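**Q** Residue strings, one per chain:
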Amino acid sequence: MSRWVRYGAAAVALLLLVTLPSWIGNPYYINIASQVLLFAVFALALNILVGYAGLVSLGHAGLLAVAGYTAALLLQAGYGHFLADSGAIVVTLAASAIFAVLALRATGIGFLMITLALGQIIWGIAYRWASLTNGDNGVNVATRPAPFGISLSNAPSFYFFTLVVFLLALASMAMFVRSPFGASLAGTRDQARRMNALGYNVWLIRFLAMMVSGFWTGVAGLLFIYYNQFISPQVAALTTSAEVLLMVIAGGTATLFGPIAGAAIVVIMKNVVSAYIERWNLVLGIIFVLIISFMPEGLVPGSARLARWAWQGLRARFNGADAARPVEERGP
Amino acid sequence: MTALALDHLCKSFGGLSVTRDITLAVEPGERRLIIGPNGAGKTTLFNLITGELAPDSGSIRLFDRDITRMPSDRRPHLGMARTYQIITLFPKDTILRNVMLALLGLSPLRWNPLRDLDHQHELVAHARAALDRVGLGHIADRPLSQTSYGEQRRVEIAMALAQCPKLLLLDEPFAGLSIDERQDVRRLLQGIPRDVTVVMIEHNMDVALEFAERVTLLHFGEVIVEGTRAEVVANPRTREVYLGE
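Protein chains in written order, with our numbering: chain A, 1 to 332; chain B, 1 to 245.
These aren't lab readings, by the way, just hints derived from the structure by calculation.
Predicted model, so just to flag it, every value in this text is computed and none were measured.
Among these hints, one or two may not hold up.
[Unchecked claim] Computed list of lysine to any residue pairs in SDA-like fashion (alpha-carbon distance at most 20 Å, straight line): (1) Lys92/B - Ala304/A; (2) Lys92/B - Asp190/A; (3) Lys92/B - Pro296/A; (4) Lys92/B - Gly302/A; (5) Lys92/B - Met295/A; (6) Lys166/B - Thr2/B; (7) Lys92/B - Phe176/A; (8) Lys92/B - Ala9/A; (9) Lys270/A - Ile24/A; (10) Lys92/B - Arg305/A; (11) Lys92/B - Lys270/A; (12) Lys92/B - Leu256/A; (13) Lys92/B - Thr255/A; (14) Lys92/B - Glu297/A; (15) Lys92/B - Arg193/A; (16) Lys92/B - Gly54/A; (17) Lys92/B - Pro301/A.
Can you build the whole structure from these sequences, using the hints too?
**A** Encoded structure:
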């Protein structure tokens, strides 16, 4: 029963996402939907570490920027999209490996501080190494790719492209968390010592998790530069890392849909609410405070808990009324 | 061949010597009890054997293979399993899932990111069988957080046994248990097949003595007395350091 409810909900959500450009219409809002999806990919990538590995990274904007800058610079140098994008993924994986080797010397606050420092180094390179990165002026990306000859230059086509990538990321994440390796990773989060004594190589498991996270961060970085057709050091700044971490925490760590809900809230606040309220940051802050106060586990698991509670309350009231009546009056 | 051989093993933390020149040999199939007052270095000795700590000097051999410098996560693959004095389990998961993780630890499947763990029927059946053997089969699907302390102790042992170890290290398996729960654990330990060598740390001598064939008494990181149960109990030094007379 509940399985069919879930399948039904997934089908409805998918239908809404696929038909979104036709019922939204306005390209401005379609572009915001694209942004939500690309940040959702980024947040899903970070959630592998924060949620399933228990490793809080504050340097992921650095990895996003590595992917973005590598692709943008390769494109500028005249390479094609395929080469530039593959090169960007390879370089991002190499950067992730360096992040992992340095940061996995610690867990907890130590891990957070090392990733923060590494992210700041990348921001520093983007900002100061002007002969390579063009400094504050950033790098332009002249064209979007045209996979299978389909142009992505207008808002709906880019939205569909982002949607396909997002669905791939979501499907691979759903598979990952149910897999034996996903269970191994969650085990290292909950009881690293015991996992080691059971024969698991805890360090290697965490390293591989960082590589998977780095891969999808790289993919998000590519979506980011193709969406904006521009990259600047601001992308690598600490605020980007903090923002994506907030998406994960607000939506619900270690859940499949939490990071997506978190991405939607932050992006919509930033773009839509800011048009009506000047101090949109304040509104965002209040929303986060409310989430943390009333749903400390995050928006998605918190809402599920409230819904369950309300449903049980309703059912108890209904059954209670039923039980209070004499037997002969009760329904079959 | 000896199951476990420690040769002049030493470990100190700063100026504090916690393991002083320990030499010890456990025969295959033996039941060995290691006793000693608080702070005698019993758990440190286990941590050296499992590789969680590296010794300062000396060597450790498992079935005549030198494992002194082997990473701790490799040792379970050679047939070494341990339990913890402080329960170290996965409270959010079911009992079945805990045992599945124990089995997965020795299987190459643990690296697989593409399959569904719950659909690995062989692994699940294996885990259920392991739980049936220790009398926990009927509550296999219960979340660990909803089980009693005594049941959690048995899950600890069940996880170690599920790995079919050749050497089983039990760190105070009776700690904190009621009299009834002790009986459950005692029956469980008595049912361990003879091809498993068992080394057990116990603080409380009464419950553990009947289980052991040979007993080693540690005090301030040193082996004070070693011998059969009767020899150790009769030894005046045992009475002096342990029984407080």
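**Q** Work down the list of hints and note, for each, if the structure agrees.
**A** To see whether the hints hold, each was checked on the structure:
no.	hint	verdict
1	Lys92/B - Ala304/A	holds, 18 Å
2	Lys92/B - Asp190/A	holds, 9 Å
3	Lys92/B - Pro296/A	holds, 17 Å
4	Lys92/B - Gly302/A	holds, 17 Å
5	Lys92/B - Met295/A	holds, 19 Å
6	Lys166/B - Thr2/B	holds, 12 Å
7	Lys92/B - Phe176/A	holds, 19 Å
8	Lys92/B - Ala9/A	violated, 27 Å
9	Lys270/A - Ile24/A	holds, 19 Å
10	Lys92/B - Arg305/A	holds, 17 Å
11	Lys92/B - Lys270/A	violated, 36 Å
12	Lys92/B - Leu256/A	holds, 17 Å
13	Lys92/B - Thr255/A	holds, 14 Å
14	Lys92/B - Glu297/A	holds, 15 Å
15	Lys92/B - Arg193/A	holds, 16 Å
16	Lys92/B - Gly54/A	holds, 14 Å
17	Lys92/B - Pro301/A	holds, 15 Å
The structure does not agree with the numbered hints 8, 11 stated previously, though it agrees with the rest.
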